[in-house]
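Asker: Using the hints, build the complex out of the two chains.
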Amino acid sequence: MIGLGVWGTWLWWRGRLEKSGLFQRLAVAMAPAGFIAVLAGWISAEVGRQPYVVYGVLRTADAVSPVSGGQVASSLLVFMTVYAIVFSAGSLYILRLISRGPGSGETPLGRGHQPMRNPLAGIADDAEPAGGAS
Amino acid sequence: MTLDLPMIWAVIIATATFLYVVLDGFDLGVGILFPFSSDSERDVMVASIAPVWDGNETWLVLGGGGLFAAFPLAYATLMPAMYLPIGFMLTALIFRGVAFEFRAKAGRRGKPFWTAAFAGGSLVAALSQGLVLGGFLQGITVEGRSFAGGHWDWLSPFSLLVAVSLAVGYALLGSCWLILKTEGELNAKARRWTRRLALAVGFAMFAVSLAMLSVDPTVTAHWGVSMTSIDWFTFVSVAPLPALAGVSIVLCWRHAGRRESERVPMLAAVGIFITGFLGLALSTYPNIIPYDITIREAAAADNALALMLAGVSVMLPVILGYTAYVYWVFRGKATADAAHH
Chain H
1 MIGLGVWGTW LWWRGRLEKS GLFQRLAVAM APAGFIAVLA GWISAEVGRQ PYVVYGVLRT
61 ADAVSPVSGG QVASSLLVFM TVYAIVFSAG SLYILRLISR GPGSGETPLG RGHQPMRNPL
121 AGIADDAEPA GGAS
Chain C
135 MTLDLPMIWA VIIATATFLY VVLDGFDLGV GILFPFSSDS ERDVMVASIA PVWDGNETWL
195 VLGGGGLFAA FPLAYATLMP AMYLPIGFML TALIFRGVAF EFRAKAGRRG KPFWTAAFAG
255 GSLVAALSQG LVLGGFLQGI TVEGRSFAGG HWDWLSPFSL LVAVSLAVGY ALLGSCWLIL
315 KTEGELNAKA RRWTRRLALA VGFAMFAVSL AMLSVDPTVT AHWGVSMTSI DWFTFVSVAP
375 LPALAGVSIV LCWRHAGRRE SERVPMLAAV GIFITGFLGL ALSTYPNIIP YDITIREAAA
435 ADNALALMLA GVSVMLPVIL GYTAYVYWVF RGKATADAAH H
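Protein chains in written order, with the numbering used here: chain H, 1 to 134; chain C, 135 to 475.
Same shape as in the complex, but just chain C (with noise of 0.2 Å):
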């Protein structure tokens, strides 16, 4: 027998990067959510992700290294297409990575600053990544085997659609977190944000799923809907996702205003990330670069994937293992005090 390993790479990488998006969405999101909080939930704030947000950057490590590694031909692409909006992303998680620490060291002139900083980077940082991931879903233009398209072709009214949609996500995902980590009357400002968040992307799904239908046939043709027609056979084998979605956002909305209901409401947040994922990876397959790269054409040659599973498949579980023991050991509700550590 032998393994599909293009594939095989593209599954690791997919999950990398959905990894990527749920861990690092939350504590982005805590710092979107910033701007409405007191000083003192701030300190709480930071402290509930303190010990687990730099873990959660490293998926990104991983989603950007492995793609390097096994789909060189999708990586070298990319990088040249997103130039800008990545340095974006780049520069305001340095200012938010050090905000961490700069926040409990300065001063009492010096902390507005870092607070600004850790709340503008958690900010710019969800939107950066909202107008890569609308630049790379609306289509990059390819010739031979490089990028030939402008260098602001990420920019589009679907790529700001896209990127506000994310960062609402993310401050979605953020508010649940709070939920699960703090108490009192954070908890319940953390309830109330997330009922408002959970409608707004709801709406936020809904848009970009719309205006996907009409960036490229590929989508169309697997969803079966287009702008004037559904197929309805393709449509009915597809629709449980969607579907899937609305649950989930129904159940985060219900169980946010619930006061017995810790788990829930990340959990079902989650499943909205899910479905959402999938719903797009559906959307651009069998592309690696849409709509003209597809996964097969893009990897690297089969002894050097099989050489990297080889590695991967011992480095993952020990990856997962830490990350889950450290989950472990800062569970239970966050508080300010626990901040330095």
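So here's chain H without its partners, still in its complex pose (with noise of 0.2 Å):
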């Protein structure tokens, strides 16, 4: 991920952002890094400190609340399940806006690029159903 940042910096800086195909193609199947970067982060940081919950003070099986393991297991499947539905609809509106591509008024953030004359003018697009784009 930071190779890719650094290649794209070099990129942008001799102004062939736009142009590598092969940059363009990796950035797009780089997208999921950063969510698996973020578990592995969390799961390492959780699995690493056990025994404890407090590094070196507090036992995990010390802190554990009067809630029984059916509750912890029924709110568990409840939030996965909310999850499972929401990450879904949210993947199919973001992968629909990819698709439909820039409004009219949005310009590639390229070098040298020109601002935008008129802000408003990518509205009335915007206003069109999206219907039919995934």
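If you are wondering where the hints come from, they were derived from the structure by calculation, not from laboratory data.
Cβ atoms here follow ideal geometry from the backbone N, Cα and C, with glycine treated the same way.
Treat the hints loosely; a few may be bogus.
As the list claims (entries may be wrong) - If you only want the chain C side, here are some residues facing chain H, beta carbon under 10 Å, derived:
no.: 1; residue: Tyr217
no.: 2; residue: Gly221
no.: 3; residue: Leu224
no.: 4; residue: Glu235
no.: 5; residue: Gly244
no.: 6; residue: His285
no.: 7; residue: Leu289
Answerer: Set out below in structure tokens:
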């Protein structure tokens, strides 16, 4: 991810950001990397500090609330279901937005891009229904 | 001079909780009123709260986070006791939170689902908060330093009464907000809702107040009123609270019917909530977990409270400042096409 960022900065500096097909394909492939990095870091931290909840001070076994396993399991199940629904819907809408492409009023951020003359120019297009875009 | 840090923190957390109840109360209330409105009206209703709702919910974070840091014993007792209703509330708030965006992004097939998620999420969040409040007011079973009751203790006829009352109260705040923020047909509709809801809130407060008297001797001692007798001296000294609640309800009801009154219904509704909140605070004082743990017993060490107080005295004015600024920027009437921001 960092490497891609450095490469992107270099391309931008050379004014070739929009021309490098290989870079753009890699950027698309890298999209889930942020999620993976956050989850992996979180899991490493949580697993790594066991058997403590506060490292060296409070053991996880001593910190447990008087809440039954059944309650915890059912809440976990509910949150998994909720996130599955919300995340799928969110991904669907993000993909729809991407496939629709930028509005006519938006200019890609290249080197020496022109500032928008009329910031409202894109609004009429945005108001079109998204139907059939995906 | 030494500061009474536990009391200062109790006031800070009570204030944050109250601000949450009133601020998120009106935007949850707008969601509760969804089933009674048309689809184009709903777009205006969402647009009226879209710039402010997430700011409103930060007060829940300050209240909850503050309770965890300043009164760890109260937090550790309350959360296991209210595990299920707080879980319901969070689930509802997630659905409602994403529905703000997804409702606008969804196509023709998806929109009704997210409209339902918004309305249902608002109602379930309000009811869950009412169940937590009711379960809290009826008293939490504590043994030693931890929760020792059953997992369904929060569910009772009393907590159901409080839950419905709170949802009705939120709906009143929501309809008063719509009087303030909308025009034309929807404004007239909001006024009709407000008149009915003001009366409903009056009945609800009366019922909850009566029921509170049979909950615990602590409550009857504060009010001087029990189911069978009245201590007039005590009662007269606290009677201004219910009297002010009554005045606020009448004011809200009357001004909702006057077309030139835009702000009075909202101010009166806030007045209703202030009196209700103070009444419940008085009923449970000096407990932070009714009716076993006092504010002092649950407080963290004084040096921790002092350190956090230094932080809060910087952050609270900042939060209040940007909150006021947002409301100022988005003052005036809302329109449907301003929904995207």
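Asker: So, for every hint listed, does it hold in this structure?
Answerer: Hints, verified against the model:
no.: 1; hint: Tyr217; verdict: holds (5 Å)
no.: 2; hint: Gly221; verdict: holds (5 Å)
no.: 3; hint: Leu224; verdict: holds (8 Å)
no.: 4; hint: Glu235; verdict: holds (8 Å)
no.: 5; hint: Gly244; verdict: holds (8 Å)
no.: 6; hint: His285; verdict: holds (6 Å)
no.: 7; hint: Leu289; verdict: violated (14 Å)
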